[in-house]
Amino acid sequence: MKFALLVNEGPYQHQAADSAWHFARSALAKGHGISRVFFYHDGVYNGTRLGVVPQDERHIPERWALLAKEHGVDLVICVAAAQRRGILDAAEGRRHGKDADNLAEGFRIGGLGQLIESGIEADRLLVFGD
Amino acid sequence: MKFALLVNEGPYQHQAADSAWHFARSALAKGHGISRVFFYHDGVYNGTRLGVVPQDERHIPERWALLAKEHGVDLVICVAAAQRRGILDAAEGRRHGKDADNLAEGFRIGGLGQLIESGIEADRLLVFGD
Amino acid sequence: MAAANKKRILYVQRRAPYGTLYAQEALEMLSMGAAFGQRVGIAFLDDGVFQLKAEQTPGALGMKNSGRMVRALELHDLEGIYVEQESLVERNLEPGQLVLAGKVLPRVELSQLMAEQDLVLSF
Amino acid sequence: MAAANKKRILYVQRRAPYGTLYAQEALEMLSMGAAFGQRVGIAFLDDGVFQLKAEQTPGALGMKNSGRMVRALELHDLEGIYVEQESLVERNLEPGQLVLAGKVLPRVELSQLMAEQDLVLSF
Amino acid sequence: MSTLHLINKSPFEKDAFDSCLRHALPGSAVLLIEDGIYGALRGTAPGDCLEQATEQQRYVLVEDLRARGFGPEALVTGVQLVDYDGFVDLAVAHEPVQSWL
Amino acid sequence: MSTLHLINKSPFEKDAFDSCLRHALPGSAVLLIEDGIYGALRGTAPGDCLEQATEQQRYVLVEDLRARGFGPEALVTGVQLVDYDGFVDLAVAHEPVQSWL
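Respectively, the protein sequence lines represent chains F, S, E, V, U and C.
Residue 1 is where the first sequence starts when you use the working numbering, and the numbers rise one by one after that.
Residue 1 is where the second sequence starts when you use the working numbering, and the numbers rise one by one after that.
Residue 1 is where the third sequence starts when you use the working numbering, and the numbers rise one by one after that.
Residue 1 is where the fourth sequence starts when you use the working numbering, and the numbers rise one by one after that.
Residue 1 is where the fifth sequence starts when you use the working numbering, and the numbers rise one by one after that.
Residue 1 is where the sixth sequence starts when you use the working numbering, and the numbers rise one by one after that.
Derived by calculation from the structure, the hints in this document are not laboratory data.
Keep in mind the model is a prediction, meaning the values are calculated, not measured.
All residues carry an ideal CB built from backbone N, CA and C; glycine is no exception.
You can take every hint at face value.
Far from chain S by the CB rule (all over 10 Å, computed), these chain V residues:
id, residue
1, Gly41
2, Glu55
3, Leu61
4, Gly62
5, Ala72
6, Leu73
7, Leu75
8, Leu78
9, Gln85
10, Asn92
11, Glu94
12, Pro106
13, Arg107
14, Leu113
15, Ala115
With a Cα cut of at most 16 Å, we get these calculated EDC-like pairs of lysine to aspartate or glutamate:
id, chain 1, residue 1, chain 2, residue 2
16, S, Lys69, S, Glu105
17, E, Lys6, F, Glu117
18, S, Lys2, S, Asp123
19, F, Lys30, C, Asp85
20, E, Lys64, E, Glu28
21, S, Lys30, U, Asp83
Generate coordinates for the entire structure from the input sequences, incorporating the hints supplied.
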């Protein structure tokens, strides 16, 4: 079965990003597919590459990126929500005249249409939030 | 009277940062002082310089920075909370081997002790959160 | 896509406006996604019914008028705009105080409607 | 600083652990700030009492043990560790099930205690 | 001095309103801000509860009330409107200020 | 197919638990995750409420239950424990999956 996930909260502050990741990992281990994880609202903060996490703690953005690398999961950060909150890829950074960007490898910026598309194409869409 | 404020939520997602700013502005207009605004938990996201906000919407990080510039308000981002969430100044970025940083002008990174200090020195400490 | 293949998608709005951005960003998503040719509806229940209150004036807060975004729902080709009756009553709101004329449903009917969806989006 | 000049500071913990990071970051703040020579206390009420539950095992979630952080409170020079009795009863928790022996207070006394502070920190 | 309690949560959604009213001592003040203003609506269960809390001074932040489409006529009796300047005055007049998050 | 309802909020803090139980149809499933697991505790008002919802299948995510220091002996009767693999199976078996945020 093909799942799509919507993550509405940032890492650490709420458990939503953890729960979504554990679900994804279990689904993949059972032979299901995760077509896309879409990050909306504060969920866009999952996509930063600037996080510094103590060695003994889970690194949530890197954990997502590994899922993308090993299983081809499409990690999409909503452009509208991300701009407001200061999550930008290199192209967005340049386009808006910023001197830096912070999107982590493995994630990409996309539009809301890609969530709707996931919802239509996947067998199930699960929402993780606060 | 001297106020200190603690802001526990990021911009836009919760009204806390707005409420704290409106309170600060009114207090200053009435002749009171705001010694420090301390940003903790998701509140550290208030300090990003990468936010891109439509012209007709309020720019929360810039609004804070203006308060610092015009009234000398000390805007302190908690280092522990900020690292976890990917908010870094240039020095922190270098120290942790990152290729970018994102702290906005007008804010500085500080320790939890500076919140306690504010609480002790100020006449009142108000907490804005979710 | 044939009508039979269209998915039924329901946006569920359970939160008040302004205190958080959830409601507003959900409306932004709906307005972007409404063109995807699916059968899209929106339901307001619990504190979500406060989004419908007329005469919202957030100017002094410098925030965007959320009521205006709700009113714009009527411009989209929606399957339905549903409002839970019990949620209105508990909050002492009457249909005449709302920015738009949604279909007011008793809880039992809204429960049934939610269960008939292919997809329920919560924020 | 003379005792008379010390401020009374109370950390108020009203949230459950793990679902959010508020509780844990509040404890981090307390442990950093406890050395400032003030009269610092901490109160657990409402869902905050769940922070005190013994036998927390978040290993499968890859999260830090919040109960261990709570237990470490006993190492700090705190004015008091207070637990609201009614909050425990509503949640069917007994003092014997907790990671530390705080002072269990009825609501009316905790209310009085909170009102006597110079500073109340909520997260 | 007495406490200023701040409530910024809807009483229909979260327990902060109830918990605050259970803990607020006689003579303290309660200020409803943000989604907290829904706690003062006439003809609702939380509103009735607030109306009966006559031993506390009860205030509503008018900017947040207006933003949400309500005016003084929608409120229970015994509640006073304040604007942000009034909020500052309340914070000056009370200690501690306790937020019910 | 019937709905899988997901509750991730403490019933003591937020209205999601109550609202979900008011809306869940007979034959649907309710899975408590994160702080939602507190809704299944024996000897509490929410627990009693869940115990009486016998027309729904009721599940608790064991990883979240253990994290918070509880085991099956703390739960009301009629509730089944599932792990993340079981969560995935429930999501396969039900449609739609509705989160009560």
